[in-house]
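**Student:** One-letter residues, chain by chain:
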Amino acid sequence: MDLATFLVQCLNAVQYGLLLFLVASGLTLIFGIMGVINLAHGSFYMIGAYLAFVLAPWFGEWYLTKLLAGVLLSAVFGYLLEWAFFSFLYQREHLQQVLMTYALILVFEELRSMLVGNDVHGVQAPQWLAGGFRLGELMSYPWYRVFASVACIVLALGLYWVVNRTRLGMMIRAGASNRDMVRGLGIDIQRLYRIVFAGGVALAALAGMIAAPLSSVYPGMGSSVLIICFVVVVIGGIGSISGALVASLLVGFVDTFGKVFFAELSGIGVYLLMAIVLVWRPEGLMKRGY
Amino acid sequence: MATERGWILPVAIALVLAALPLVLTPYTQDLVVRTAIFAIFALSLELLVGTTGLVSLGHAAFLGIGAYVTVLGTGDRGAQSVLWLLPAAVGGAALYALFVGALSLRTKGVYFIMVTLAFAQMAYFVFHDTKVGGGSDGIFLYTRPVIALGGTTLLDLDDKRHLYYTVLVLLIGTAGLLALIGRSRFGHALAGIRVNEQRMRAAGFSTYGYKLAAFVIAGALAGLAGFLLAVKDGAVNPELLSWHESGAVLLMIILGGIGSLRGAVLGAVAFTLLKEFYQSEALLGGLASRWQLTLGLTIIAFVALLPHGLIGLRARLQRRRNA
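If you read the sequences in order, they're chains A and B. In case it helps, our numbering puts the first sequence at residues 29 to 318. In case it helps, our numbering puts the second sequence at residues -9 to 313.
It is worth saying that the hints were derived from the structure and are not from the lab. Watch out, some of these pointers could steer you wrong.
Chain A residues, not near chain B, derived (Cβ > 12 Å throughout) [claimed, not checked]: (1) F34; (2) L95; (3) H149; (4) V298.
Stretch-level coverage of chain A by chain B, calculated; a stretch enters the list once three of its residues show a Cβ under 8 Å from a Cβ in chain B [said to hold, decoys possible]: (5) 218 to 232; (6) 252 to 265.
Note that the Cβ used here is the ideal one computed from N, Cα and C, for glycine as well.
Generate the whole structure from the sequences, applying the supplied hints.
**Tutor:** In structure tokens form, the structure reads like this:
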């Protein structure tokens, strides 16, 4: 493997890891605050990707506007979803919520099939991000992937700022460490749940929209992302956003280079990594520390 | 459920099931066999989730390994004896359960859920990506196992009726075994671990050993279900080990009501029949292709209306009658 190929693979690994982080951070927030194991989180990623496809003809070259519209739509969607399907479940056993999210996966998959169909669709990257820059003599690296990585980094910084520097973030951190105490202090925990859920859905959908031009959109794209994100969240330590960042980059590298070196057994690598981490540190790399 | 006459209903159901093949069409008999196999599978998970309080999201790995051992053990060497193939399938699943359990029981709660999932995915990718079991297409079981003594065949699982009664007997055996475990000292220790593991350890129980034993027994029983499923379908593919299957079996016992053997069986029956009903074009016409939507909405309705699963329905009706 020459240097240029190696560099391209590294960039791919980082870009994939950062994208995973967007989805996983929403998952870990929802779990950390609400205690909900959200199996439907992959569906929100899928919904985001399909939004990118469906909204494309409406917005044309207004790519960033399209992303913004998609984020707003999905946040509203998440807000309503929490209100309709989860708000009455918190007093129940955790497993009831698992059942609910599993049912939602089935419903979302079928609605997607009814509304858009089962074909694989490509989504165009915007014109101003077409092409790539040269790396070495033969390789070039597409600008759109650079844009995806940068967008993810900006969002990660934004998330860090919200969680650590704002009043809302303070409530989120407090809720994650002691839910009952927060309620006792007079904070409307229902509303906090709803906001966090909406935010998590919006993050996953945004990741889906950013990924759409890279992976194209296809049925079942949600469930593969979901399982990988669970791996990320568990390796990083549940409820920890910085842990999720470290873990998603780790998973990005293991997955990308696993495919290069051990093509046949590459599927196993990520799970092996998780097993090793958990045997070594049963509560993940960073147990709840933002 | 521990009423004095608690045995009457299960025995009556067993008798009805034993008489059913006389009146069933091949299609419905196949459906009953499939439901019974999933009931065994659900019962095996109930020992972990309901009795011990360990939620596993990777239980399908053991089902799949049992099924793959059955098919790979047969190969193209003609009909094998049930007497070695069945123990091999169960043993293979138990062995993997020992490995997975030994490592994953170091973790707790949500971490345990995810580690079991990870080990199941590893097994899934081994069968999906390598040539061990025919890759993503899976392989066929060309000849079904038999029990032969001397020259006479006592049991031929190629015969639908033989298979039916074998599955029925094994379902009753599994339920009986788990009921016995529930009443034994071992079962009480598991229940104690579910309620308060710290206290059990303080009382001098090596809880890790107990949990590992429960994990291996559950894996072995799932392997039994895998053996039967491979024999019934005459083929295996990696999807048997996928997390969808693990999720579905967890769904069955939650749907039925966690904490009772009847709940697990009820959940398996309800889930299998609901799925069959919603997929049936003869009954629902064009809606049958949209079965995920109808099944999903039904489950949502169940969650909203039945907080304690189907098994809680009776208590609820009784309460209403008394009120």
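**Student:** Would you mind marking each hint as holding or not holding in the structure?
**Tutor:** Verification of the hints:
no. : hint       : in the structure
1   : F34        : holds, 24 Å
2   : L95        : holds, 29 Å
3   : H149       : holds, 20 Å
4   : V298       : violated, 8 Å
5   : 218 to 232 : violated (count 0)
6   : 252 to 265 : holds (count 5)
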